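Construct the complete structure from the given sequences, taking the supplied hints into account.
Numbering (this note's numbering), first residue to last: 100 to 296.
These are calculated hints, taken from the structure and not from any lab test. Errors might be hidden in some of the hints.
[To be verified] Across the chosen pairs, the derived CB separations fall in these ranges:
no., residue 1, residue 2, range
1, A140, D112, 39 to 49 Å
2, G199, P172, 28 to 38 Å
3, S296, A165, 34 to 44 Å
4, D112, P279, 16 to 26 Å
5, H251, P171, 13 to 23 Å
6, A194, P279, 32 to 42 Å
7, E191, G167, 13 to 23 Å
Please read all numbers here as calculations on a predicted model, not as lab measurements. In this text, a Cβ means the ideal position worked out from N, Cα and C, and glycines have one as well.
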Amino acid sequence: MSEIAFSPELTIDPSTALVLIDLQQGILGAPTVTPGPEILARGVRLADAFRAKGLPVVLVRVTFSADGGDLPPQRTLQATPRGGSWPTNFAEFPAELTTGEHDIVITKRQWGAFTGTELDLQLRRRGVTQVVLAGIATSIGVESTARAAWEHGYHLTFVEDATTDMSAESHLHSFTRIFPRLGEIGSTDTVLTALGS
100 MSEIAFSPEL
110 TIDPSTALVL
120 IDLQQGILGA
130 PTVTPGPEIL
140 ARGVRLADAF
150 RAKGLPVVLV
160 RVTFSADGGD
170 LPPQRTLQAT
180 PRGGSWPTNF
190 AEFPAELTTG
200 EHDIVITKRQ
210 WGAFTGTELD
220 LQLRRRGVTQ
230 VVLAGIATSI
240 GVESTARAAW
250 EHGYHLTFVE
260 DATTDMSAES
270 HLHSFTRIFP
280 RLGEIGSTDT
290 VLTALGS
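Rendered as structure tokens:
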């Protein structure tokens, strides 16, 4: 199997935003390759560093209405269950991921954070040219957001050790086949170093 290749040197634009995907109560406990608490801890480190530099931090969460009426189309082999109710705290961010005064909170109802949300508007109005991406799950929310960000013309950096998936194979596929075509790849530490933190 291919190994993940990290970019020899990361570039961080002066106007870069951190976008954390689905680091919320209802997803952090899912069985993932790297445990949710480790991903959360790295996401918190990144968010604190971006805030300290005065750069935008975007916290993305996914949730649906109680009646399931805003769920995506369901003619699939593996559909999201309809009906019932989501746990009360499903879309809440954990206490460790405090929302900063200037953070942007995006609620999505699709895999990607751009579809049907104001994410692009919020980034463009702040002059953002680059997005640093991390979160859960690599091959679903993160990859869908990455593809849209690339199509919108943003430079991209992926934080491999702050991103995880339910499947090691899916995580590896995204990081070896898809993400190298869309941007740079680094670790939490290399991103913080490039940020000057």
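Hints violated by the structure (listed by number, smallest first): 1
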